[in-house]
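Protein chains in written order, with numbering that gives the first Met the number 0: chain L, 0 to 327; chain W, 0 to 327; chain U, 0 to 327; chain E, 0 to 327.
Careful: at least some of the hints might be erroneous.
A pair counts as met if it fits within one copy or between any two copies, since identical chains are not told apart.
With a straight-line cut-off of 20 Å between C-alpha atoms, the simulated EDC-like cross-links for lysine to aspartate or glutamate are [unchecked claim]:
id: 1; residue 1: 217; residue 2: 34
id: 2; residue 1: 78; residue 2: 249
id: 3; residue 1: 238; residue 2: 49
id: 4; residue 1: 309; residue 2: 207
For the record, the hints were derived by calculation from the structure and aren't laboratory data.
Listed below, chain by chain, are the residues.
4 protein chains.
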Amino acid sequence: MLQTIKKIGVLTSGGDAPGMNAAIRSVVRACAFHDIKCYGIYRGYEGMIDGDFVEMDARSVKGIINKGGTVLKSARSNKFRTKEGRQIAYDKLREAGIDAFVVIGGDGSFTGAMIFNQEFNFPVMGIPGTIDNDIYGTTHTLGYDTALNTVVDVIDKIRDTASSHNRLFFIEVMGRDVGHIALNVGIGAGAEEILIPEEDLGLDRLVESLRRSKASGKSSSIVIVAEGDKIGKSVFELKDYVDENMAEYEVRVSVLGHMQRGGSPSCFDRVLASRMGVKAVESLITGKSNYMVGIKNDVMDLTPFDQAVKGKSKINMELLRVSDIMSI
Amino acid sequence: MLQTIKKIGVLTSGGDAPGMNAAIRSVVRACAFHDIKCYGIYRGYEGMIDGDFVEMDARSVKGIINKGGTVLKSARSNKFRTKEGRQIAYDKLREAGIDAFVVIGGDGSFTGAMIFNQEFNFPVMGIPGTIDNDIYGTTHTLGYDTALNTVVDVIDKIRDTASSHNRLFFIEVMGRDVGHIALNVGIGAGAEEILIPEEDLGLDRLVESLRRSKASGKSSSIVIVAEGDKIGKSVFELKDYVDENMAEYEVRVSVLGHMQRGGSPSCFDRVLASRMGVKAVESLITGKSNYMVGIKNDVMDLTPFDQAVKGKSKINMELLRVSDIMSI
Amino acid sequence: MLQTIKKIGVLTSGGDAPGMNAAIRSVVRACAFHDIKCYGIYRGYEGMIDGDFVEMDARSVKGIINKGGTVLKSARSNKFRTKEGRQIAYDKLREAGIDAFVVIGGDGSFTGAMIFNQEFNFPVMGIPGTIDNDIYGTTHTLGYDTALNTVVDVIDKIRDTASSHNRLFFIEVMGRDVGHIALNVGIGAGAEEILIPEEDLGLDRLVESLRRSKASGKSSSIVIVAEGDKIGKSVFELKDYVDENMAEYEVRVSVLGHMQRGGSPSCFDRVLASRMGVKAVESLITGKSNYMVGIKNDVMDLTPFDQAVKGKSKINMELLRVSDIMSI
Amino acid sequence: MLQTIKKIGVLTSGGDAPGMNAAIRSVVRACAFHDIKCYGIYRGYEGMIDGDFVEMDARSVKGIINKGGTVLKSARSNKFRTKEGRQIAYDKLREAGIDAFVVIGGDGSFTGAMIFNQEFNFPVMGIPGTIDNDIYGTTHTLGYDTALNTVVDVIDKIRDTASSHNRLFFIEVMGRDVGHIALNVGIGAGAEEILIPEEDLGLDRLVESLRRSKASGKSSSIVIVAEGDKIGKSVFELKDYVDENMAEYEVRVSVLGHMQRGGSPSCFDRVLASRMGVKAVESLITGKSNYMVGIKNDVMDLTPFDQAVKGKSKINMELLRVSDIMSI
C-alpha cells in the first residue's frame, strides 16, 4: 500500500550552485500546492543530524528565485558517512514527522541519500545542483548554464586587456572530471585552445597551435584550461613552459575560482529549478523514491540514484571540432 | 554532378538578434577552414540587390562573437519580394562569383531564400536568428536564450521597486505569435500570471487570480503579457481594467520594447551560433540546399525551408502548469 | 542640556532608489556601534502612524547592502500630511521609546520631517535617496549613480538594434524637473541630442541636428528625452513629428520606466550610503537635528532641511557643451 | 607667438583601463569639432617610434565609447626611455606633420611625455587612465569607477558561495601603492577587514577581528587585500596563517587579477573620458602644454606633469572609520 507523504524535507548539500534557491522555492511551493507540509533542513546532512529544521510555507521562499547560493546553506558531513550519523539523522527526521526528503546537490549527496534510503527505506529524491554539469542522467545540472555565462562574461573582460596588449592568457575554469564548462566557454569566448580532462592535446601541439595562431595574424590569444585538464599541468606550469619555449608571447595567468559558483541564476536555470522541484515533489507523492530528477530533450526525467552515481556525463565531441574550426 | 562551391555569401535579414554576429563569424571561419572565399552581404536582401558585398577572411570577424546586433546590418527589402528585384540580386551575386549564400534571419527571410532558390536553382542555407523562438525545426533560435536573460534581469529590477511599494506591474514582452519568452521569463521572474497568444486566460480569471494572490499575503505582483496575448488587451487596457475592478492594487505598466533584441549574446547563443555556422557551410559544401539549420536534442539538424516556414513552434505546456504551481 | 538619544528609528519614504538598503544597514550598524537601539519603521510615514516598528540589530541587516529596493518598504502617506496624522505618529514613536529618526527619501519626505520636527521638537535627520539627483545640498543622491549605469546599459542594448537597422530612437528617461540623468546618459551612450527640462532646444533645431547628423554619415541616432523635457512633447509626439518631417529616418520609441529605479547599487552608491548612515546617526548623537546629510567634494556635509527643500539642484552646463562636441 | 596646432596625435600607454576608448573618441571628435586633423598612434610610445599612425575622423571612433580596452592598443616601450628612441619618435611625428599629442595613461606615460616635451619643446597633454586611481591631481582616473563596480560585482558572487558554506575568503584586488580600490570595494561589498598599503593592521589584529566577528554571529567573512598591502603577506600566506591560528574558519583565496581591467566603462567613466578629451584638445589649442587633465570637485582641472608625477594620491581616511563601523 502506498504510504501517504505528509511532510517533505528539503536540503542543499555539497558545493553550492546558482539555481539552488529557485529549486528550494519550487519544492516548497509544490508542497504547498499539494497540501504537504515542507521543512527546510539547514546545512545539508550535517543539519539533518542536528535536527536543524524549519517549517516553510509558500511565502517563506519569497524573493529567493533570483538569488545565488542557498538560503538553507550547505555543508559536507563526515558524520553522515557513518552508520551512527545516519541513524541520528533518521531519528531526527522521524521526530519531526518528516517522511521524505529532496536533496539538491551532486554525486556525493545522491550516494548519501541512496544509502540512507537502503538502510531506512526512507523516500528520497534528488535534484542535480552543480555548476560542473558532471552528472549522468540529465543534460543540464542546476547552475551550469549560469556558470557558463558568468565565465564567458569574465573572459570577455580579460580579452579587453589581452587584446590591448597582445598577450596570451591561460585561464583556469572549473571542471575537475569533465570539460563541459571549458569546452563551451572556450567556444563562447573565442579561445585559441581548450584543455580538458577528456583529451590530451599535448604540450607540443599546444605550442604549435599558438605559433600558427601568431603567424596567422592574431595578436592575442586565450587558452582555457579545465582544472582537471589531461595535460596535467597547472596554468602556472603552462605559463612557465610557454615563457621558455615561445619568446613571441607575453603570458599571463588567471584562475577564476569561486566566483564561478555565485551570481543570480540565468532564466534557464530558474525555469529548470522550478520544473525539477515540482517533478521531485510529485514523484514522491506518487510513491517514487531513490531517483534523481533530470532533464532530457526538454522533458523531465527520472534516473535511479545508482545509475546517476555510476554513470558518466559525456562532452559533445562535435564541440571540439567546432572549436578547432573557430580558432582558425 | 556536384557543383563545387567556391564563394559563399552571408547576410543577416529581418529583425536583428544577439548571436547573429557570432553566426557571421562562424560562417566566415568555416569558409576559411574549408578554403572557400566568403563575402559579407550588407543590409540583407536590399544589399544583395545593391551588390553591397565585401570579402571577409578569418581575421575580419575578430572580436565580434560577443557583440549584439549585426555587423552586416539588416533590413527588410520590398524589392526582393519582386521577381525583378530577385533577378538583379542574382545577377549581382553571379557578377561577384558568389555561388551560394547563408541567410541568418526568420521566417520571412527563409521564404525569400526558398523562392530565390526555386527561381535560380541557387544554393541557399538558413540559420534561424530571432529572439522570439517562433520557428519550426529547431528548439532554439539564435538570440532567444539571451533575450530570456535580458528580460529576466530587467524584471528583477522592476520587482525591486514593485515589492518596495506593494504594486502590481503589467510587463509587456516580445512574442506576437508564440509565448515562449513570456512563459519562460514569467516562471523565471516569479510572475503571478502570464498572458500568452496560445491561451485565453480571460479577464475574469486574471482578476480572480490577482485577488487570491493578494489574499494569500503577497504584497506585490508581476503579470507578464506577450505582445500577442490572447486576451487581446494591451498592457495599458489591462491596467485600466484592473484599476476599475480592483481597488486593492496600485497598478503600473512597463513595455520592454527594443532593448530585448540587444546585448551581448549568452554563452549558449554563442556556441549555438558557432555550431550553426559550421553546419550551414558544410551542408552547402556537401551539396545540400534549401534547408534551415536547427538544433534538436543538442544535435545539429536540417529542416527543409518549406517545412520550417509552414510549421509552428509550440510552447511546452508543462511550463503553464509549473507556472501555476509556482505562483501559489 | 543635550538630550541623550537612546533609540533611533529609520524609515524609507517616497520613491525607492538603489542604495536605500545600504543606508538602512548603515544606520542600523552605526547605532549598534554607538550602543543605541535601532528600530525599522515600515512603509514610511504610513507605518509610523500605524506603529509598524521592528527592532533591528547589526545582524538583521546582513546581506542587504547589494539589494535594490528597500526592505523597510516605502509608501506615500496622506495621513502624515495632516496634523492629526502626525500627532498619532508622534504618540506611536513615544510609546516605543524612539527619540529620533532618520528618513531616507526625497524632498517631500524631508518637508514632512521638518514639519514634524517643528511641531514636536523631535530630532530628525534626512538622507537623500532618489535616482533623479534633484536635491539641493548634495552633489549625489543615493541611487543616482546606479541609475546612470542601468540606463546606459539599456541604451547600449537598444543601440545594438538601432545601428543594425539604421534607425532613430527616442528614449525617455526619468527626470521630471532636472536633466541630470538625461544629460549624463546622453553623453555616456553617445546620443545625438539630449532634451532636458532646463533647456528648450526647439523642434526645429532638433530636426536640423538630426538632418546634419544623417548627412555626416551617421546611420543611426539616439535622442534622449527627460520626462520633463522643455519642448513639452512626449516621446510619442516627437516620433510623430519626425515621421512627418523627416522621411529619411525610421523612428522608434522606448520609454524606460520603472526599471530605472531597481537593481543592485553601484559601488559608489553603496559607499555613499554607508557614509551617510554613519553621518546621520552621529549627527543625531551630537545633538544635531533637522538636517539633510549630503556629500560635497567627497566630504560629508549637512544642509538644513528648509534649504534642502527650497534649493534647486543644477545641472553642469559644461556637459551640454561636451555633448554637442561629442555628437559631431 | 602662439604656434597653431593643426594635427594632434593621440595614444594610449601603459596598462589599459576602461574609458580609454571613450577618451580616444573624445579627443578625435574634439579635434573634428575644432577642424584639427587627428592621428591615432598605435601601441603607445612604441608605435610612435615605429611611425604607426592612422588618421582618424569623427566617424572612425563610432561605437567604441562603451568598449573596454583600447582600440589603439597599448604597450610599454623601452626604446622611448632612451634619447635615441625619443629622437626617432620626434622625427616620425614631424614627418607626419603631427604637432602635438595627447597621451592617455599613468605616471610612467606622463614622465615620458614630460621628458619628450623638455627635449623637443613639443606640445603634450595627459589624460589619467588607470584603474588604480593612484595619480595626483585628479580625484578620479579613467577606469577607476568601472573597476570598483566590476570588483564589487565579483565579490557579490563570491559572497553567495561564502555565506552558503560559512567560509572566510581572502580576496586580492589591484592596488600596489594605494588602497583606493580595496577600501571602496571593501565597504561596498561589506568586507570584514580591508588590508591596504597605507596602514599596517597587523596579523594579530586581523585574527582578533575575525574572532570577534565569528563570536558576533557572523557565519562568513570576506577580507579584501590590496596587492601592496602593508602587512606584506600574500593572500596565500594569509590563508596559511589563519589556517594555523583559527580552527573555526574554513579559508579560501581568490586573486581577481586582470579581469579588473576590462569591461564596458561605467556611465561615470564615459562622461569623464568625454570631458577630459575635450579639455585636453582645447588646452593644446590655447597653447597649453605639459599638463595632465584632471577632475576636482566635478570641474575640469590642469596639473603640471611634474606635480602629477611627484604627488601622491591619498585615500580618504574617513572610509577606514566607516569600514570599521560597518563591520560591527
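Going through the hints against the structure:
1. 217 <-> 34: Result: close only across copies, 19 Å inter versus 61 Å intra.
2. 78 <-> 249: between (49 Å within a copy, 18 Å between copies)
3. 238 <-> 49: neither (47 Å within a copy, 29 Å between copies)
4. 309 <-> 207: For residue 309 and residue 207, neither the intra-copy (38 Å) nor the inter-copy (46 Å) Cα distance is at most 20 Å.
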